[in-house]
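Peer 1: Take a look at the letters that make up each chain.
Number of protein chains: 2
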Amino acid sequence: MANDHLYALIMAGGGGTRLWPLSRRAHPKQTLRLFGERTMFQLAVDRLRPLLPMARIFVVTAAEQVAPLAAQVPDLPRENFIIEPMGRGTAPCIGLSALHLRRRDPEAVMAVLTADHFIRREATFREALLAAAQVAEEGYLVTLGIEPTYPATGYGYIERGALLEEVSDFPVYRVAQFREKPDAATAMAFLADGRYSWNSGMFIWKVSRILDEMRRLMPDLGATLAELSAALEGENYEARLSHLWPQVRKETIDYGVMERAQRVAVLPVEMGWSDVGSWAAVMALHEADEAGNVSLGEHLAVATERTMVFAEGKRLIATVGVRDLIIVDTPDALLVTTPEASQQVREVVRRLREHGREDVL
Amino acid sequence: MANDHLYALIMAGGGGTRLWPLSRRAHPKQTLRLFGERTMFQLAVDRLRPLLPMARIFVVTAAEQVAPLAAQVPDLPRENFIIEPMGRGTAPCIGLSALHLRRRDPEAVMAVLTADHFIRREATFREALLAAAQVAEEGYLVTLGIEPTYPATGYGYIERGALLEEVSDFPVYRVAQFREKPDAATAMAFLADGRYSWNSGMFIWKVSRILDEMRRLMPDLGATLAELSAALEGENYEARLSHLWPQVRKETIDYGVMERAQRVAVLPVEMGWSDVGSWAAVMALHEADEAGNVSLGEHLAVATERTMVFAEGKRLIATVGVRDLIIVDTPDALLVTTPEASQQVREVVRRLREHGREDVL
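Protein chains in written order, with my numbering: chain A, 1 to 361; chain B, 1001 to 1361.
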């Protein structure tokens, strides 16, 4: 069931330090090839191709990222790249993008998507988007909820309220409340309760609805967006944007809008989603051999178990008598960690920054 | 107490696969810089300098190793390099070298030494050599015994018999018997017993004595050596050597001579000796920081304990949340193992050979 007013907005501005040493300032996560030949960004576009014409896929990113991202998807219209002068959090980013979409199509329904997540069941993802778009047409702000598979403490949760309707076999609920990242005990309780979904950071709504809510809940941002909307019709949009954007207050869409908005719905979906937030997550998304090893690159494993080698270079990596390791090899830096500790990779990046090691950041 | 007839013979022919990926066919163990700027071979010569003039330090090695080794010790006379066309075990190697020393000095006492071992207390080593030389002058075949510090299963042992004499505070014993590498229980018993030393592979004897024993106990080798000795006085030595050496039967000096020889003595010495037989041994010979880490190269350690990084290249190595690892980084190959498993590195080399990966061997 096509929807001619459905547009995708891929947010592709992130930096990301959690996949160091592969991710760098010059090579953010969405540009990495973690799952074969296609980059995360290419995969994010690819999974939309059966659903949308390229003309209705938009990308918001930093100015210096436009050229590399455009090169990765040559058939994506260049005018569909929206430039955000600097990161101000997801709320301003989405608001700015909504202006551009509204200008293209005042009836636009926008699906706010990410460039650096993994989705295994892409058909389910597309069906969920279409179902969510239908609910969005009715005026709801719809969030895609991820059915939790373990008591994660790294995600926000969404508590569902009453069933709103069922669309294409997807039940859609009113949102009872958004919950911040929980501690371990709370996460266990959420998982046991059954009414909680992970907040995927993917949203579907009419651009008119989200802009209305921003005007209401974030009046400063609303005013800035109104001024930029007017400027878009003239010739001084870029100058105004450069002037105004640094003054915009940083805010997330969750805190700035969703937690206080009216008519918010959640559509829980099981689609093999991962935010690929650590090397442990990368490892979990690859099939292991019978010893539990994941060898991406030339890996000679002797008495080795449950170990991932991710080798970007052409070097031979031999492991002998080790288990539960993650080894990431790049031409100028090597990481050896464990699935358990791989979250702490940020600490490496922090220390490198502290030591002025810009060459490997 | 100088000994004008004392000569050192440094055996520097070994290959060695146990320190892969640093050791390669083209870079055998004795050429490695494992303890700072000086190579193992340079250290082996350096520790003799206070004892012997360079004219009395000889080296036996393969033809292709002469140039690189000579370059490392430019003040060592080039004519003191003895070439062995191919490895035939220690007995033929020592016999051939003894011919050259006898020709230089019929009264020579030769100290058979290794190029790839580590000795922390070098003065003690030199005193032991002098004491052993004095016993050798009396006609004994003297072995340097190493006082065992743990129940090693990787070394041969020497059981001492009656006290023979005491020289410069070193007690010297008749050898009761040589024992092959023991199993763990036997090694424990040896250690508890107190009469066992490790066989260091270092020997001191008169060249005339060792050549006599070879003639008696290894008559085939004796005949070959007699022919080569005659050839040494003519012009066809090299041709005869090339012809005869491939036919020589491989044999160790322990099995070929020592276990059956007469008048064999052992001089036990505590001198901080290590055969540097694995990466675990290399790690043990370096001082660790308070977390137990040994960082040779640029190592960024986060929540890391008892881990050695040996980085030959210029790459940054970050470890996060790991313990008890050994990481050896070279430009074309990386090894990750544990102190416990580092003996199994040979298995890597074996598999690489099997797969025809000559480029990293």
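These are computed hints drawn from the structure, not numbers from a lab.
Yeah, the Cβ is synthetic: ideal placement off N, Cα and C, and Gly gets one too.
Mixed in with the good hints there might be a few duds.
As the list claims (entries may be wrong) - Straight line, CA to CA, 20 Å or less: simulated SDA-like cross-link-like pairs of lysine to any residue: (1) B:1314 / A:355; (2) B:1314 / A:360; (3) B:1314 / A:311; (4) A:314 / B:1312; (5) B:1181 / B:1195; (6) B:1314 / A:31; (7) B:1314 / A:358.
To be verified - Over 10 Å on every C-beta distance to chain A, these chain B residues come out as not near it, computed from the model: (8) 1021; (9) 1237; (10) 1316; (11) 1340; (12) 1351; (13) 1360.
To be verified - Derived Cβ-Cβ restraints for the label pairs, each shown as a range: (14) A:26 / B:1191: 54 to 60 Å; (15) B:1340 / A:78: 41 to 47 Å; (16) A:27 / B:1079: 53 to 59 Å.
Peer 1: What are the numbers of the hints the structure violates, in ascending order?
Peer 2: 6, 8, 10, 11, 12, 13 and 15
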